[in-house]
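Asks: Let the sequences and hints guide you as you build the complete structure.
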Amino acid sequence: MERVSAPPQTPCVRRMLLLTLFCIFCIVCFSFPAFTQVAATRAFNGYSYSNVFGVMASSQFPIAAGWNSVSDYVQYEGRVAQAELLANIGPKAGAAAGIVIASPSTSNPNYFYSWTRDAALVFNTVVDSYTRTGNDSNDYADAQEKLQQVPNPSGNESTGGLGEPKFNVDLSAYVHSWGRPQRDGPALRAIDPHFLHELAIGPFQSIHTQISSGPSFNAISNTLPTAGIRLGRFTFIFMMLQCLISLFIALIFWEEISSSSFWTTAVQHKALLGNTDAADTFSSQADNALCFLQSLASIHTFDPAAGCDSLTFQPCSDKALSNLKVYVDSFKDIYAINEGLAENQAKAVGRYKEDVYMGGNPWYLATFAVAEQLYRSLSVWDTQNSLEITPISLSFFHQFFYGNLTSEIRAYADDFISMNARYTPENGSLAEQYSKDDGEPCSARDLTWSYASALTAFEARQGILPSSWGAQGLEILEKNTVYGENVFIVGSIDQLGDWEPEKATKLDPQDYPIWTVQMRVPASTSFNYKYIVQDGAGDITWENDPNRQIISPAEGLIVERSDSWQG
1 MERVSAPPQT PCVRRMLLLT LFCIFCIVCF SFPAFTQVAA TRAFNGYSYS NVFGVMASSQ
61 FPIAAGWNSV SDYVQYEGRV AQAELLANIG PKAGAAAGIV IASPSTSNPN YFYSWTRDAA
121 LVFNTVVDSY TRTGNDSNDY ADAQEKLQQV PNPSGNESTG GLGEPKFNVD LSAYVHSWGR
181 PQRDGPALRA IDPHFLHELA IGPFQSIHTQ ISSGPSFNAI SNTLPTAGIR LGRFTFIFMM
241 LQCLISLFIA LIFWEEISSS SFWTTAVQHK ALLGNTDAAD TFSSQADNAL CFLQSLASIH
301 TFDPAAGCDS LTFQPCSDKA LSNLKVYVDS FKDIYAINEG LAENQAKAVG RYKEDVYMGG
361 NPWYLATFAV AEQLYRSLSV WDTQNSLEIT PISLSFFHQF FYGNLTSEIR AYADDFISMN
421 ARYTPENGSL AEQYSKDDGE PCSARDLTWS YASALTAFEA RQGILPSSWG AQGLEILEKN
481 TVYGENVFIV GSIDQLGDWE PEKATKLDPQ DYPIWTVQMR VPASTSFNYK YIVQDGAGDI
541 TWENDPNRQI ISPAEGLIVE RSDSWQG
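The numbering of the sequence shown is the UniProt record's numbering, which starts it at 1 and goes up by one.
If you're looking for bench data, these hints aren't it; they were derived computationally from the structure.
No false leads were mixed into what you were given.
For lysine-lysine, the following DSBU-like pairs were computed, each having C-alpha atoms within a straight-line distance of at most 30 Å: (1) Lys436 to Lys319; (2) Lys319 to Lys332; (3) Lys92 to Lys146; (4) Lys436 to Lys325; (5) Lys353 to Lys436; (6) Lys353 to Lys332; (7) Lys353 to Lys319; (8) Lys325 to Lys353; (9) Lys332 to Lys436.
Quick caveat: nothing in here was measured; it's all calculated off a predicted structure.
Replies: Spelled out as structure tokens, the structure:
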């Protein structure tokens, strides 16, 4: 997304907070291995499912492999994708019950593992919509509940282990070198509607009070009310939410660099607001995430009730559409299969134009995602019976003829489906990528995420809308801080001054309105801390109670804590 920053001396805060503080506790970084390449396909396994997709506009592209139209492809590929996705879950895939494998591929590359991100996206967006029984979802919930308790190289359930990106398919830890931690997993698992609906829990606030005063969640979990709920499953969701509110720096979406990530922060914000009761408890942390999100710049934050809101980067917002235009255009001249295509024709797209992984090719899931964003935008415009063109989004709309704007955009969305259809084998199998030179499928075969992205794009094409998660009506209030103040952090360990203000560590205002500090703290240690403000005369003001608490992760990991002044 386009990067957005607050005006000078104007921090993002809500509820009349005095200032925004951003504290990073650094311990150590990490490394991860590279990959190799293979091309493979798998025959359609004969599963039969009813078609749930509608018929829309035709595409500019010819359809390969015998499909006569986009609708023909959607109808056939929808059935294949449903069957192959389900075939990659549990014992039928050679995995433990409820485990989603990334791919059956076991070499060059070996994707026969379960990534928490991929598995959560599959169950968040697909399985509950396309199955008529709850067996797979129940097994998935049970498997994730078990995985949160598996010690792994990122730590245990209270010291960073929830950020572990992948596990073996038998529910054991993957102990080899990898890019870890990855912080979108806890948020995506907490979003899962299956968990939230199954829990049927009451208000969180009384439980939150107990947690705030205790040394750790595990220490007080046995005191929680258990009537009508599964305590283990409740613990799973609540620990996911507790984890994600304090961890922002980690491996980004594509597992290649450690950074603050738009994607991760966006799904964290959605998770914190996605359940009414949880939103009451974690409202201030959700505010912090939303504020931080504005300094970064997805279809996975879509909320049809929010219209084209730019604050939460809805698909039809001017920022999202402008970003989409730049993103798609970036692939026009680097893929041979895109040569000669007009500006308003779809292009095969990949992760980013500088990508070199497996040769840097188009991805099925990325190309489907573009179509999904366009279909979601059309649904909102249809509901609103209007659309707005701003200077930010003008370059996107300039591709189309004004008189037939929505029809042109719908055909454009279909073109992205057609692009994938041209390079889909006749049996409907979807690998991770297809060659930028000739469109031959390559990398891991039968990628679960490719099938999931196909299904969500087809659902968006039909105009099926998800329920709202609370993005409507959010706002960021602004308030200036006092010039000349200095902000310090002080706490209960030596590195934080043992609560002595004169030994407190000063934060850096270089990125004002965000104050930052990087420091080393002991690994796997629980400690408390607060912020203090010193004015020009040397007078000190402590922020209000309660003390903040954090448990540092295992050695070698990075923790980022984002806080707002308690005043």
